Amino acid sequence: MVKEIERAGLPVVHMCTVVPISLTVGANRIVPTVAIPHPLGNPAMGHDEEKQLRRRLVERALTAMTTEVEGQTVFEEK
Amino acid sequence: MRLELGRIRIKDVQFGPATKVEDGVLYVDRAAIEAIVREDERIADVTVELAKPGEEVRIIPVKDVIEPRVKVEGAGGVFPGMVSKVETVGDGRTHVLSGAAVVTCGKVVGFQEGIIDMTGPGADYTPFSKLNNVVVVCEPIAGLPQHEHEVAIRMAGLKVAAYLGEAGRDIEPDEVDVYECLPLLEQVNAYPDLPKVVYVYMLQSQGLLHDTYVYGVDAKKILPTLIYPTEVMDGAIVSGNCVSACDKNTTYHHQNSPVIHDLLARHGRDINFIGVVITNENVTLADKERSSNFASKLVEMLGAEGAVVSEEGFGNPDADLIMNCVKLEKKGIKTVLVTDEYAGRDGASQSLADANPLANAVVTAGNANEVVNLPPMKKVIGHPEAANIIAGGWDGSLASDGSITAELQVITGATNELGFNKLSAREA
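Protein chains in written order, with my numbering: chain E, 1 to 78; chain R, 1 to 428.
No lab work stands behind these hints: they were computed from the structure. Among the hints, a few may not be true.
Derived pair list, reagent style SDA-like, types lysine to any residue, alpha-carbon separation capped at 25 Å [stated by the list, open to error]: (1) R:LYS221 / E:MET45; (2) R:LYS422 / E:LYS3; (3) R:LYS220 / E:PRO43; (4) E:LYS3 / R:ASP395; (5) R:LYS220 / E:MET45; (6) E:LYS3 / R:ALA348; (7) R:LYS220 / E:ASN42; (8) R:LYS220 / E:LEU53; (9) E:LYS3 / R:SER351; (10) R:LYS221 / E:PRO43; (11) R:LYS220 / E:GLY46; (12) E:LYS3 / R:ASN189; (13) R:LYS11 / E:ASN42; (14) R:LYS378 / R:TYR27; (15) R:LYS221 / E:PRO39; (16) R:LYS330 / E:LYS3; (17) E:LYS78 / R:THR284; (18) E:LYS3 / R:LYS378; (19) R:LYS220 / E:LYS3; (20) E:LYS3 / R:LYS221; (21) E:LYS3 / R:ASN356.
What you are looking at is a predicted structure, and each value in this text was computed from that prediction instead of being measured.
Please model the entire structure based on the sequences and the hints provided.
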């Protein structure tokens, strides 16, 4: 999916938990996420804390989307 | 550790007024088993059925398969930390009702439980069609949460297996195999000229009904550690998982791991099998990195020159498998991986979710996506409609005549990644 959309000319951010698999399949912009059963959330957190986590992940993805990359790049949390 | 495994060959199973073994026949007191299972208030209803090799019987949905064993000498009892006290096992003498098994069945817990056919084409794919099975069909009370449902059925199976195993306590085994595993330094010095090999035993631990227990501890909570092969034979590792039926390790697989038995058979001949490292398959990247770091470091500390690594399940655990492989290879330790494949129905797709050129010695246990057709059976134990929802099946897998068309995934043990099956492949 990631590769086919990019082939059509649109930049793609792959948000995923297992970064090595994303690297193997050839994604160029990768944002590491929380865990396989809940990539974009964390049921162990309270409501407000989880909302902040989700916002940070989406903002990081948008940053990745608008950043020029030379080859495969993992956008770790700063 | 020195374990004598006394095998009592069971050639038939029948119901009887008292549970006993006589002339190779296991007689089963049905009411006694039902009473054991009913001790758990979470189980509303239980029935016991028998399924023997060659009978036109289908068992669906299967949760676990367990071999009845009993500890007759040495510390502890079978399934320590689960049904026996958490004593270290693996030493002394254990009797095995070889050729018999407990199969747990009943309303589907998750969606990844399996099928055992006792005859026909499906029977060829599962080793459990060759056993005299005591099938325990457990139905939960209404509204029981899935994870508690899984616990209740897991414990029921282990308790029934321990109960049946007791019937072999005073029986003279047909054969006795002796397994001796020495402390590391002695083991290394025993065969100084042979290459030192360690087994890296990956345990399914993704949670959400994909779990394994070691002496009662949920394997997702362990750091990789060492275990004697004989501890595994005494039931130190039990299955708590409903992960795809074809490539989960049932408790029976752990008790009879071909990887461990084959390594022991070649120990002292062409290899020096110095130890087993158990590790897990967790769901965050940090856990995967930490566990593969620890597992590879332990193998290095043991001074191994080679490692056999077996996976359980598929998908993201492929990443754990490749991490273990790459980290070991980079330490100069040669690896052989044992896995299965999800290569699409035509076998043409990439087999694993992750790959690396260092994974250059791989044993496959078959392609789980292959489609099989299972003809109707005269008798179905359990719930045939589960075929439409278990992994590998689809809405419509169960036809009106009772036949099932589904991916090989649905058959318990079909592509077992300990090699406890018939499928594999070799380079042409």
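Okay, the hints, checked on the actual structure:
1. R:LYS221 / E:MET45: 19 Å, holds
2. R:LYS422 / E:LYS3: 37 Å, violated
3. R:LYS220 / E:PRO43: 17 Å, holds
4. E:LYS3 / R:ASP395: Given pair LYS3 (chain E), ASP395 (chain R) is violated - Cα atoms ~31 Å apart, limit 25 Å.
5. R:LYS220 / E:MET45: 20 Å, holds
6. E:LYS3 / R:ALA348: At roughly 19 Å apart (the allowed maximum being 25 Å), ALA348 (chain R) and LYS3 (chain E) satisfy the hint.
7. R:LYS220 / E:ASN42: 17 Å, holds
8. R:LYS220 / E:LEU53: Distance ~24 Å between LYS220 (chain R) and LEU53 (chain E) Cα, so the pair holds.
9. E:LYS3 / R:SER351: It holds: about 19 Å lies between the C-alpha atoms, which stays within 25 Å.
10. R:LYS221 / E:PRO43: Distance ~18 Å between LYS221 (chain R) and PRO43 (chain E) Cα, so the pair holds.
11. R:LYS220 / E:GLY46: 23 Å, holds
12. E:LYS3 / R:ASN189: Given that 25 Å is the threshold and the Cα spacing comes to 53 Å, the pair is violated.
13. R:LYS11 / E:ASN42: Answer violated: LYS11 (chain R) to ASN42 (chain E) is near 52 Å, above 25 Å.
14. R:LYS378 / R:TYR27: 24 Å, holds
15. R:LYS221 / E:PRO39: OK: LYS221 (chain R) and PRO39 (chain E) at ~20 Å, within 25 Å.
16. R:LYS330 / E:LYS3: Since the Cα atoms of LYS330 (chain R) and LYS3 (chain E) sit roughly 30 Å apart, the hinted pair is violated (cutoff 25 Å).
17. E:LYS78 / R:THR284: 18 Å, holds
18. E:LYS3 / R:LYS378: Cα-Cα ~49 Å, so violated.
19. R:LYS220 / E:LYS3: 33 Å, violated
20. E:LYS3 / R:LYS221: 36 Å, violated
21. E:LYS3 / R:ASN356: At roughly 19 Å apart (the allowed maximum being 25 Å), ASN356 (chain R) and LYS3 (chain E) satisfy the hint.
When held up to the earlier numbered hints, the structure conflicts with 2, 4, 12, 13, 16, 18, 19 and 20 and fits the remainder.
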